[in-house]
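As given, the protein sequences belong to chains A and B, one line each in that order. In case it helps, the numbering used here puts the first sequence at residues 1 to 95. In case it helps, the numbering used here puts the second sequence at residues 1 to 263.
Take every hint as true, because none was put in to throw you off.
Cross-link-like lysine-lysine pairs, in silico, DSSO-like; alpha carbons within 30 Å at most: (1) K152/B x K139/B; (2) K139/B x K207/B; (3) K142/B x K16/A; (4) K142/B x K56/A; (5) K15/B x K262/B; (6) K262/B x K11/B; (7) K152/B x K119/B; (8) K63/B x K142/B; (9) K119/B x K207/B; (10) K16/A x K139/B; (11) K11/B x K139/B; (12) K207/B x K195/B; (13) K195/B x K119/B; (14) K139/B x K195/B; (15) K22/A x K142/B; (16) K152/B x K56/A; (17) K139/B x K22/A.
Calculated from the model, a selection of chain A residues having no Cβ within reach of chain B, i.e. all distances over 10 Å: (18) E10; (19) L19; (20) H23; (21) S51; (22) I55; (23) S57.
Heads up, incomplete: computed chain A residues facing chain B, CB under 7 Å, no partners named: (24) V27; (25) L37; (26) S38; (27) D41; (28) L42.
Hints listed in this document are in silico derivations from the structure and should not be mistaken for laboratory results. Each residue gets a CB set at the ideal place from its N, CA and C atoms; glycine is no exception.
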Amino acid sequence: MSNNNWHLYEVFIRSKNGLAHKHAGSVHAQDAETAILSARDLYTRRGEASSLWIIKSSDIIASDPGESGELYDPSDDKIYRHSTFYPVPDGVKNM
Amino acid sequence: MSVAEKYIGAKQPSKPETIYMLRLADNALILGQRLSEMCGHGPEMELDMAMTNMSLDLIGQAKLLFEHILTLEDLAPNIDVLAMTRPLEQYTNCLLVAQPNVDFAHIMLRQYLFSTMQKLQYEALLESNDITLAAIAEKSLKEIAYHIRFAKSWVLRLGDGTEESRSRMVDALDCLWRFTGEMFAQDAGLMAMVKTGLTANFTLTYKNWRLEITHILSEAGDLSPPDTARMIMGGHQGRHDENLGHILTDMQFMQLSYPGLKW
Numbered sequence: 001m002s003n004n005n006w007h008l009y010e011v012f013i014r015s016k017n018g019l020a021h022k023h024a025g026s027v028h029a030q031d032a033e034t035a036i037l038s039a040r041d042l043y044t045r046r047g048e049a050s051s052l053w054i055i056k057s058s059d060i061i062a063s064d065p066g067e068s069g070e071l072y073d074p075s076d077d078k079i080y081r082h083s084t085f086y087p088v089p090d091g092v093k094n095m
Numbered sequence: 001m002s003v004a005e006k007y008i009g010a011k012q013p014s015k016p017e018t019i020y021m022l023r024l025a026d027n028a029l030i031l032g033q034r035l036s037e038m039c040g041h042g043p044e045m046e047l048d049m050a051m052t053n054m055s056l057d058l059i060g061q062a063k064l065l066f067e068h069i070l071t072l073e074d075l076a077p078n079i080d081v082l083a084m085t086r087p088l089e090q091y092t093n094c095l096l097v098a099q100p101n102v103d104f105a106h107i108m109l110r111q112y113l114f115s116t117m118q119k120l121q122y123e124a125l126l127e128s129n130d131i132t133l134a135a136i137a138e139k140s141l142k143e144i145a146y147h148i149r150f151a152k153s154w155v156l157r158l159g160d161g162t163e164e165s166r167s168r169m170v171d172a173l174d175c176l177w178r179f180t181g182e183m184f185a186q187d188a189g190l191m192a193m194v195k196t197g198l199t200a201n202f203t204l205t206y207k208n209w210r211l212e213i214t215h216i217l218s219e220a221g222d223l224s225p226p227d228t229a230r231m232i233m234g235g236h237q238g239r240h241d242e243n244l245g246h247i248l249t250d251m252q253f254m255q256l257s258y259p260g261l262k263w
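In isolation and in its complexed conformation, chain A is listed as follows (with noise of 0.2 Å):
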């Protein structure tokens, strides 16, 4: 029965306050109403969500595959930009 009436949307679910929304999946919809209502029924169930975010996946803007030798490569070799060469003072616990 899908057709053109129905839009793919991505799901993203924040599981608690101060979290950050992850991505989750899709759920096909017509409209945001439904889309959310979907993707209660689909992604929450076993208490995983306080809060869902809904985006239509054809306004989602990505980066392009065959791009991602110029795009992400370059940072391969750079490993200074992680934090592990500083020197942490013995009496720091938690950084």
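Using the hints, position chain B against chain A.
Frame of chain A; chain B shown alone:
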């Protein structure tokens, strides 16, 4: 006593409270069972899940009510026996909840008509002199609010959708409206419980309910309740149409074949 004697059938409730609560429990159980038939048959995977979620909500409500009933009156050795092994005429659900899953319009309209009534019926329990019953109602009302939201959105969408979806909603309304009067009937079982303070008299809100439903139906492609419908009643007294028999054949099969069965 043989295993079959012990684990098949339940005593008829004799207390007015348990008689009334059994009605609530059977409503939830039978509608839950009806919705569960749609498992794997929904028009879309998302809707399939929505219907089975509602089914599980309702069966959960029924379970709490059956458990509470057994603490008040010793009708059966456990809730499975009480829920699953009674003869047909001992089920006291309203007729609406047993109506068949003709199509998605029928299912959504049935849910909308029932859940909007159930909301009023359970709100009337919040001040009950039975605090366990009030707590069950409070918990269930959150689920019911969602059922109403979901079903209402589909009544509007189908009624105000295509020619095909609207004609299906018209058919559903013609079929189901005649079962709504029973849900608000002021029968002796309810009125006795109003007197003792177990429940408030939710049937007094019938006019408001009807106004609200009529308003939503008019927004759903200008539908209106058929005014010639004669209200059909009898479910609360155990007089059912053929639909409940078909449901019980499925629902009771395991418990009757293997009395005392444990999952």
